[in-house]
Every structure is written in C-alpha cells, then in structure tokens.
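In order, the protein sequences belong to chains W and X. Quick note: the first sequence, position 171, residue 171 per our numbering, numbers continuous. Going from the second sequence to our numbering is simple: count from 1 and add 459.
It should be emphasised that the hints constitute simulated quantities derived from the structure, not laboratory data. The beta carbon of each residue, even a glycine, is placed where N, CA and C say it ideally should be. A hint or two may mislead.
Just so you have them, the derived chain W footprint on chain X, three or more residues with Cβ under 8 angstroms [stated by the list, open to error]:
#1 492–499
#2 623–636
#3 872–884
Have a look at the derived ranges for each label pair, beta carbon to beta carbon [as the list claims (entries may be wrong)]:
#4 W:S390 - X:L477: 41 to 47 angstroms
#5 W:V29 - X:L637: 32 to 38 angstroms
#6 W:L199 - X:Q939: 24 to 30 angstroms
#7 W:V9 - X:I463: 53 to 59 angstroms
#8 X:L476 - W:T426: 37 to 43 angstroms
#9 W:T426 - X:F505: 23 to 29 angstroms
Each chain is listed here by its residues.
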Amino acid sequence: MGSLISISVLAIIVLYLGLYRVNKALLPVTVIGLVVAAGFAVAQWNTVARPIYSGMMLFDHYAIAFSVICILSTILIILLSKNYFERISAHVAEYYAIILFSLAGIIVMVSYHNLTMLFIGIEIMSVSLYILAGIKKRDFGSNEAALKYFLMGAFSTGFLLFGIALIYGTTGSFDLEVIRDYILSNPRDISFLFYTGILLMIVGLCFKVGAAPFHFWTPDVYEGSPTLITAYMATVVKTAGFAAFLRLFAVCFAPLSDFWTPSLLIITIITLFIGNITALYQHNFKRMLAFSSISHVGYMLFAIVAIGAASANAVFIYATAYSIASIIAFGVLMLVQQQTGNSSFDNFNGLGKSNPFLAFVLTISMLSLAGIPLTAGFIGKFFMFSRALSQYQIWLTVLAVINAIIAIFYYFRVIIAMYFNQEERTAISIPGNVSFVLGIAALITLIIGIYPGFIAHII
Amino acid sequence: MTLILLLLPVFAALVLLLLKGETVKIAALFFAIAELVVAGIMVAGFHADASYQYVIDYLWIADLGIHFKAGVDGISLVMVVLTTLLVPLIILSTFKHQYNKPSTFYALILFMQTGLLLVFTAMDAFLFYVGWEVALIPIYFICALWGGENRIKVTIKFFIYTFAGSLFMLLGIIYLYLQTPDKTFDIQAFYNLNFDPYHQGWIFWAFFIAFAIKMPIFPFHTWQPDTYTTAPTGGTMMLSGIMLKMGIYGAIRWLIPIAPLGFAHWQSTVIILAVIGIVYASLIAFNQKDAKRLIAYSSIAHVGLIAAGIFAWNMQGVQGAVFQMLSHGINVIGLFFVIDIISRRINTRDISLMGGIAKSAPFLATSFIIIIMGTVALPLTNGFIGEFLLMNGIYQYNIWLVAIAGLTIIFGAVYMLRMYKQMMQGETSSLTASFTDVSGSEKIVLVIICALVIVLGVYPQMVTHLSEASVNNLIEQVNQKLISAK
C-alpha cells in the first residue's frame with residue numbers, strides 16, 4: 001500500500017521539480033523514490049494479507065512480488081535514460097512523471113481485488129502510455145504509434161468494460177471472491193451472459209498484453225515509440241498485464257477453466273507461432289524484439305492455460321528473466337541507434353570487435369531470451385515446461401519446444417552480426433550509467449541462471 | 460576431487476581471459492595438464508568396481524529437487540580420461556597457429572571442457588542437461604569465429620540441430636522427473652522407474668534423437684561433414700575427439716538403462732540405421748577429394764559401428780564401445796592433426812594435389828601410417844581391440860549385420876591407405892616440393908599419439924579393467940528389467 005502512495009506522491013514531486021527547473025535532481029529523486037516504494041512493498045512481506053479499502057485491493061505475496069519486479073525494472077530503465085529524454089524534448093520532468101503515473105496504475109493492476117480496480121489500474125497505465133508513445137511531438141513514427149495505440153487501446157478497454165459489466169450483471173458484484181463463490185455455488189446454472197463476459201474480458205486483456213490475433217498494434221507502436229519507452233512497454237507493462245491476467249483467471253475464473261481453456265489454448269498457439277515466424281522475417285532489430293515479445297507473451301499465456309493457479313511462480317520467474325534480458329537488448333539498441341541512426345541488423349555488424357562489452361551483454365541477453373542454460377531465460381522456460389508437463393499438457397509443451405527452436409534463428413542473427421560479420425566501425429562510447437545498468441542486468445541474468453534457488457520460491 | 464575436476468577448467472578459462480600474447484598458450488597448456496593430473500589422481504585412487512566414487516552432492520534448486528550431484532564409475536572415468544588426455548594434446552597441436560584473440564579461443568576450449576566433464580560425471584539429469592548445453596555454446600563460437608568459409612551458415616545449422624535434439628531430451632527428462640515418487644532428477648531414481656512400454660518408447664525417442672544427432676547416426680548426420688570441414692582444426696578435434704562421445708556415453712548411461720523396454724522395441728531399427736550409416740559414409744568417403752571431409756565421413760562410419768555395438772547391448776559390445784571411444788578419440792585427432800600440418804604448409808587439403816610428402820617428411824609419414832593403422836584396426840593397435848570387441852558384440856546379436864558392418868574395416872583400410880598413398884608416396888608435386896618435416900610441438904603431439912596407439916593396442920587391459928564392472932552392472936540391471944517385464 002505504501003508503495004502505491006509513495007509512487008503517486010513521487011510523480012507529483014517530480015512534476016514540481018520540473019516546474020522549478022531543477023532538472024538535475026529529477027533522476028536521483030525518481031530513483032530514490034522508487035527504491036523507497038520498493039522498500040515499502042518488501043516491508044509488507046509476511047504480514048497477513050487482507051483485502052483493504054472495502055475489498056478493493058489485496059497486497060498479498062503475489063502482488064508484492066510483481067510490484068517489486070515492476071518497480072525494479074522501471075528503475076533500471078530510468079537509469080538508462082539519463083541524457084536520453086533531454087535529447088528528445090525540453091520538458092524532461094514530464095517523462096519521469098508520466099512513467100511514474102503509469103507505474104502507479106501498474107501497482108493497482110497487480111494488486112486489485114475488485115474488477116473496478118482492474119479497470120482503473122489499466123486505464124491509469126494506458127492513458128500514460130498513450131502520451132509516452134507519442135512523446136516525440138514532431139516525429140511521424142511516434143505520432144503514428146500514439147494514435148494507433150490509443151485507438152486500439154480504447155477498443156480493447158471497451159471490450160474489457162463490457163465483459164466486466166456482464167459479469168457484474170450476473171453476479172451482482174465486482175469482488176473477485178464473491179464472483180468465485182458465485183461460480184462455486186451455482187456450478188450448474190451460470191447464465192450465458194457470464195460466459196460472454198469472460199470471453200470479452202479475454203479479448204480485452206489479450207489486446208493489452210499483445211497476444212495474437214489481437215497483436216497488430218504491437219510492432220508499429222514498438223517501432224515508433226522512443227526506444228526506452230518501448231523497453232518500458234515491452235517489460236514492465238507486459239509483466240503487469242500478465243499479473244492482472246493471471247490473477248483474474250487463476251483465482252477468480254479458475255473453477256470454470258474447462259470453459260475458457262480451449263479459447264486461451266488456441267490464442268496461445270497462434271501467438272507462439274505468429275510471434276516467432278514473423279520475427280524470423282524482420283530486418284530491423286527493434287521490430288524483431290517486438291515480434292519476439294509477442295512470442296514471449298505466448299509462453300506466458302501457455303503458463304496460464306497449462307498450469308492454472310500454480311503457475312504464478314512460473315510466470316513470475318519467466319517475466320523477470322524476460323524483462324531483465326529485454327532491458328539489456330533495448331539498452332544496447334539505444335546506444336547503437338544513437339551512433340548509426342537506425343536499428344537494422346546491419347548496424348550491429350562488427351560490434352564484437354569495437355565494443356566487446358556491449359556485444360557480450362547483448363549475447364547474454366539473446367541467449368537468455370532463447371532459453372540457453374546458465375541464463376535466467378532457461379530457468380524460466382524450464383519451470384514453465386516442467387509445470388506444464390506435470391499437468392499432462394504434452395502436446396502443448398512440444399509446440400512450445402518447436403517454437404523455442406525457431407527462436408534460435410532470429411536471436412542468433414544479432415549475435416552473428418556482432419561477431420562474425422566483419423565491419424570497421426568506431427567504438428561507441430558508453431556512458432557510465434548505461435554500462436552500470438547493462439552490467440547489473442547481465443549479472444542478474446547469469447545469477448538467476450546459475451543459482452535460481454533464491455527466486456524460485458518467492459511466491 | 461570431482462569438484463576440482465569440474466571447476467578447474469572454468470577457473471582456468473577466466474584466468475586466460477586476463478592474459479595476452481604467447482603466454483596464453485603456455486597457460487592453457489599448463490591448466491590442461493593440471494587437469495590431466497587431477498584425472499590421473501582419480502584413476503590412481505579408483506577401485507575398479509561398479510560403484511560411483513568421488514561423489515559430490517550439493518542441493519542446487521531445492522524447489523525442484525535438483526542436486527549438483529556428480530561422481531565417476533568405470534565408464535565415466537574412461538570418458539574423463541579421454542577428455543583430460545585429449546584437451547592438452549589439442550591445445551598443444553594448435554601451438555603453430557596464430558589465432559586471432561588467442562585468449563578467447565583457449566578460454567572457450569577450457570570452458571567447453573567443463574561442459575564435457577559435467578556430461579560425463581553428472582548423476583543428476585538436470586546437471587547432465589546443463590553440461591550438454593554448456594559444451595555446445597563454446598564450440599559454436601569456436602567454429603563460427605575461427606572457422607573457414609561458409610562458417611556462419613554451417614555453424615547455425617549445427618547449433619539448431621543439436622539444440623533441437625537436446626530440447627526434446629529436456630522434455631524427456633522433465634517427464635521422467637514427474638514420474639519419480641519423490642520428485643528428483645537423481646539418476647538412480649530414474650533407473651528405478653518402471654513405466655509402461657508405450658511411454659518408454661516415447662522416452663526412448665526423446666533421448667535417442669538428441670544422442671543420434673550428436674554422434675551422429677544416419678540419417679541425423681547431415682550437419683557433421685560441413686561442420687567438421689569448416690571448423691578450425693582445434694574445434695574439429697574437440698568435436699570429433701570428445702564431443703560426439705557425449706551422445707554415445709548418453710546412450711549407455713541414460714537412454715538404455717532408463718527405457719529398457721523402449722530400447723528393446725527399437726533395438727533392431729537403431730542397429731540397422733547404424734549399419735546403413737556405416738556403409739553409406741564409407742561409400743561417400745571413397746569419393747572425397749578434401750582430406751578433412753574424408754576423415755569426417757570415416758568418423759561417421761566408425762561411430763556407426765560403436766553405436767551398433769552399444770545397441771547390441773552385451774558385454775563385448777559395450778566394453779568395445781567404451782574402449783573404442785577412447786581409441787577413436789586419439790586416432791581421429793591424430794588424423795586431423797596430420798591433415799592440419801600438411802594443409803598449413805601447402806595451403807590446400809585437396810588430396811589429388813599432393814604426393815611424395817614422405818620423401819621430404821619421413822617423420823610425419825611414419826606417424827601418419829601408425830595412426831592410420833590404428834584407424835583401420837590393425838592388430839596390436841588400439842583400433843583393433845575396440846573394433847574386435849564391437850564386432851564380437853554385434854555378432855552375438857545378428858550374424859548378417861556383422862557381416863555388413865565388417866565391411867567398414869575393409870572399406871576403411873581401402874580409402875585410408877589410398878589417401879596415404881596419394882598424399883605421401885608417388886611423385887612430388889610442385890606444391891609439396893619444398894615440404895619441411897614436423898618440428899617442435901608438432902613432433903611431441905605426434906609422438907604421444909603414436910605411443911598411445913601402440914600402448915593401448917598392446918595392453919588394453921589398463922582401460923578395460925576400469926570399466927568392466929560398471930558395464931557388467933548396467934547390462935545386468937537392464938536384462939533384469941527386461942526379464943521381469945516378460
């Protein structure tokens with residue numbers, strides 16, 4: 001609870017700092033504030049969690065773990081952004097403030113206990129993101145991204161809200177527990193409106209996390225937005241979306257899993273294949289990351305379908321591994337883009353020679369995304385596969401494995417470009433903050449990969 | 460002891476990354492020999508019974524019951540000897556090369572050694588899988604960074620093949636893990652599982668594909684000739700000398716004892732595939748102009764024989780396989796080394812352009828013929844013992860198959876000796892006129908390899924007695940399961 005309040009207050013403080021033009025203080029204040037917020041969240045660990053504010057929110061271990069990982073990823077991204085936003089526009093404070101506002105929405109999304117809070121959380125987050133996507137005011141791509149994102153987002157919110165309304169109409173409550181009790185006490189005669197509501201909510205949430213066939217906005221929005229905003233959307237926002245998704249389906253709708261599993265199953269398979277196969281044909285690293293993020297959505301959905309309530313842990317580890325690796329990828333991309341102007345694979349040629357450090361961390365990131373042992377990504381996939389097989393979802397797991405093999409092609413393409421395509425290039429000078437973030441993230445990836453014990457039983 | 464064995468190469472690799480220039484080679488050699496000494500101490504203290512010795516066991520990931528558990532029995536020990544013996548030889552054999560970024564090159568080789576040793580000593584399936592993949596990443600980079608033309612395409616194909624195979628093995632491992640009563644990856648728990656033949660068939664294939672790709676067995680071999688030809692010689696030696704043994708070892712240690720019923724059902728299919736591979740690869744080897752490619756195909760043929768011997772699953776077959784893994788490793792790196800010496804001097808591997816090298820390089824020619832004798836299994840060489848046992852093992856399974864498989868020895872002798880004749884004898888060509896004989900580090904490597912060829916051929920007992928009890932134990936265990944299933 002403290003973390004939500006402190007993030008909201010922090011955002012306002014940051015706005016005031018901007019108003020009085022203390023731009024130098026923005027970064028330190030934001031980072032310290034976020035650390036404090038994470039500290040508040042951790043301090044609540046092991047206290048008995050009860051729904052608070054008339055059952056609106058619930059800060060259980062699940063909510064705390066996802067809040068903390070979202071806050072930590074945001075800190076890493078904000079640390080990367082030193083001098084980055086200054087180059088785009090004069091109103092730097094707004095970026096920090098808007099990112100913080102969206103983070104506040106995210107905290108609500110991972111800890112809701114009432115469907116209205118889910119809706120409010122998603123909206124706080126989304127509205128902030130529409131602005132962030134279009135923050136390069138004079139850039140065509142950025143404007144396109146913002147408009148597309150806004151239109152698609154508005155649609156999907158409509159679906160979500162309609163679904164919530166139908167569920168409320170049947171059960172007479174927004175409260176997750178009441179809804180579940182309703183399902184449990186009326187297993188035979190649940191109104192078809194309720195089923196329609198579930199389907200509509202699936203559509204709405206799949207839009208938000210970018211699952212196929214509701215993914216069409218993702219590549220353009222990711223490509224058009226400023227790189228660090230893309231990083232934020234691909235990591236923090238996605239993690240939060242899944243936390244919300246999982247909380248709803250694993251807790252509230254779990255008794256009806258026979259009904260929604262088939263539709264989610266189809267969505268999962270389509271998402272895995274579309275994400276992976278389209279990623280194969282990209283010549284642009286940023287777009288490749290966008291499509292690969294779709295395929296990772298597939299893996300996380302896979303957890304919900306295959307594993308249900310016990311999947312929180314698997315999703316958490318997977319989301320952590322994916323977020324950290326993606327932050328590295330986007331961080332390196334940001335530097336390469338600043339040097340060469342665009343983000344096609346060719347721009348990575350020869351990086352292994354000119355910047356061994358950048359090439360090395362990016363290699364770790366790609367290996368982690370591909371799921372090679374001794375990286376966090378492997379542990380994520382391993383938990384996923386083992387929990388899924390324990391539910392006898394053998395064919396689904398085999399499909400996921402086939403996708404993991406396809407993914408090697410495009411993740412290795414950048415490794416090949418960096419090390420094996422010779423090209424003379426001048427070394428990129430790496431600012432201290434960036435090399436700090438990249439180093440830490442690579443280290444976390446390896447530590448989780450080698451000794452996952454400490455993260456494995458958090459939830 | 461096992462822990463030192465596993466961690467020393469990692470430590471060495473990290474140290475190497477800090478060094479520069481010529482000292483890197485010396486340091487790499489030093490660490491590789493230190494590792495050999497560790498293995499030697501383990502051999503000296505080993506009691507030749509069927510038990511696991513030098514076992515280390517640490518809890519690794521508590522939630523999933525994963526242990527860092529490793530140790531050696533007789534079979535593992537032979538593999539450890541193979542790895543630790545060949546790595547210093549391989550490092551020494553690269554001394555005349557000036558690799559770009561030597562510290563990375565040697566660090567990758569030593570890092571790969573850890574992966575290989577993990578595979579050969581793991582007593583926990585998860586650890587086995589991790590070692591399996593850890594060995595793959597360095598060799599990928601070795602081949603792709605220092606390889607010849609077309610390396611990018613060839614190496615990615617190699618990587619995808621092996622990675623694809625191993626992922627299905629991972630599914631198999633997880634499936635077995637879920638069957639164990641107390642949720643563990645321990646090898647003994649896997650051995651104790653008794654599940655129905657239908658599922659054993661699936662498990663068999665999940666593991667078999669991974670191993671078949673690695674060995675490689677026909678028709679999973681298509682990555683191999685290109686990769687061997689393209690890789691730098693050090694990488695080719697690591698691949699052919701040690702890495703392919705991961706697949707063979709995996710079949711003995713994991714595949715057959717875990718899924719005996721699946722094995723019994725598919726036994727004939729696999730042996731026939733192996734025999735087809737033998738004949739097929741030998742026929743292709745006949746027509747090769749590139750010496751490195753010729754040896755790559757001959758390696759497929761030899762490995763096919765080893766695979767057939769294992770899947771015959773009797774004392775002679777498996778003992779022969781274990782022994783032949785060691786001698787094939789020694790012989791094949793010897794062959795690749797000779798080719799490397801020649802191609803470095805005359806800048807081609809085309810056999811038809813060579814000739815008369817023996818006149819100017821008698822030492823090289825003598826060593827070459829000794830290694831070839833070992834490869835074609837002449838009595839009193841190491842190859843003879845292994846292949847004789849393997850033939851004997853296959854004979855007990857089916858007399859017709861051994862007749863066909865026996866062709867390898869004849870075929871092998873023909874193409875190997877023909878290659879020798881074309882390269883070493885006859886008229887000197889313009890290329891080979893100014894050929895200089897071997898010297899320095901080259902001489903040392905060749906002497907050691909030739910000595911091993913003969914010593915192991917004359918006195919095979921020192922290797923076979925190590926593995927005998929363990930092999931016997933595994934065979935008994937599988938046979939009992941097969942009998943109780945009937």
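Hint check results:
1. 492–499: Three-residue rule not met by the stretch 492–499 of chain X, so violated; n is 0.
2. 623–636: holds (count 8)
3. 872–884: This one is violated; 0 residues, fewer than the three required, reach chain W with a Cβ under 8 angstroms.
4. W:S390 - X:L477: 41 to 47 angstroms: Distance hint for W:S390, X:L477 holds at roughly 44 angstroms.
5. W:V29 - X:L637: 32 to 38 angstroms: Distance hint for W:V29, X:L637 is violated at roughly 50 angstroms.
6. W:L199 - X:Q939: 24 to 30 angstroms: 55 angstroms, violated
7. W:V9 - X:I463: 53 to 59 angstroms: Once the Cβ atoms are compared, 55 angstroms apart, the range 53 to 59 angstroms for X:I463 and W:V9 holds.
8. X:L476 - W:T426: 37 to 43 angstroms: Violated, since X:L476 and W:T426 (Cβ atoms, about 24 angstroms apart) do not stay within the stated range.
9. W:T426 - X:F505: 23 to 29 angstroms: 56 angstroms, violated
Figure legend: structure checked against the earlier numbered hints; hints not met, in rising order: 1, 3, 5, 6, 8 and 9.
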